[in-house]
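Construct the complete structure from the given sequences, taking the supplied hints into account.
Going by the UniProt record's numbering, the sequence shown opens with residue 1, and the numbers climb by one from there.
Since the hints were made in silico from the structure, they are not lab data. Quick caveat, the model's predicted, so the values are computed rather than measured. Glycine is no exception: its CB is placed at the ideal position from the N, C-alpha and C atoms. The reader is advised that the hints may include incorrect statements.
Said to hold, decoys possible - Within a straight-line C-alpha distance of at most 27 Å, the following computed DSS-like cross-link-like pairs (lysine-lysine) qualify:
1) K49 / K77
2) K45 / K77
3) K13 / K77
4) K13 / K37
5) K48 / K37
6) K77 / K46
7) K46 / K13
8) K49 / K37
9) K77 / K48
10) K54 / K77
11) K37 / K54
12) K13 / K45
13) K48 / K13
14) K37 / K77
Claimed, not checked - Computed Cβ-Cβ distance ranges for the label pairs, DEER-style:
15) Y24 / S68: 25 to 33 Å
16) A19 / L75: 17 to 25 Å
17) D36 / T3: 27 to 35 Å
18) G8 / K45: 13 to 21 Å
19) K46 / D14: 27 to 35 Å
20) T80 / H12: 18 to 26 Å
21) K49 / Y24: 14 to 22 Å
22) G65 / Y24: 14 to 22 Å
23) D14 / N52: 13 to 21 Å
24) H12 / K45: 17 to 25 Å
25) V28 / L82: 16 to 24 Å
26) D14 / G53: 14 to 22 Å
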Amino acid sequence: MKTCLFVGVDTHKDSHTAAVVDSYFEIVAIIRFDNDKAGFARLEKKLKKLRNGKDLIFGLEDSQGLGSFLACYLLGKGHTALEINPVLTDRGRKHTVS
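Shown next, in the form of structure tokens:
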């Protein structure tokens, strides 16, 4: 069975933070990178070392369109990138944090 790495990205104006999680919901890495092509290339380079043949699935918590440049970049590279509504992630955090 081929497994995946899920890459959840919290987007901001100048930089983004990616949390990489495996199929067992274990955190593999936290990666902060700049919101530009050089930062995106840095993210890809780090993910290449982590993936070991696993598929990557990106979820962008995009508010105010701050992740649109990253989404276009990822889609252009052939990755699966989904937009995650920040209202839903906030609601989920409130229900899971004790």
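Each hint tested on the structure:
no., hint, result
1, K49 / K77, "17 Å, holds"
2, K45 / K77, "13 Å, holds"
3, K13 / K77, "22 Å, holds"
4, K13 / K37, "14 Å, holds"
5, K48 / K37, "16 Å, holds"
6, K77 / K46, "15 Å, holds"
7, K46 / K13, "21 Å, holds"
8, K49 / K37, "19 Å, holds"
9, K77 / K48, "13 Å, holds"
10, K54 / K77, "16 Å, holds"
11, K37 / K54, "23 Å, holds"
12, K13 / K45, "22 Å, holds"
13, K48 / K13, "25 Å, holds"
14, K37 / K77, "12 Å, holds"
15, Y24 / S68: 25 to 33 Å, "31 Å, holds"
16, A19 / L75: 17 to 25 Å, "20 Å, holds"
17, D36 / T3: 27 to 35 Å, "30 Å, holds"
18, G8 / K45: 13 to 21 Å, "19 Å, holds"
19, K46 / D14: 27 to 35 Å, "19 Å, violated"
20, T80 / H12: 18 to 26 Å, "22 Å, holds"
21, K49 / Y24: 14 to 22 Å, "19 Å, holds"
22, G65 / Y24: 14 to 22 Å, "33 Å, violated"
23, D14 / N52: 13 to 21 Å, "31 Å, violated"
24, H12 / K45: 17 to 25 Å, "21 Å, holds"
25, V28 / L82: 16 to 24 Å, "19 Å, holds"
26, D14 / G53: 14 to 22 Å, "33 Å, violated"
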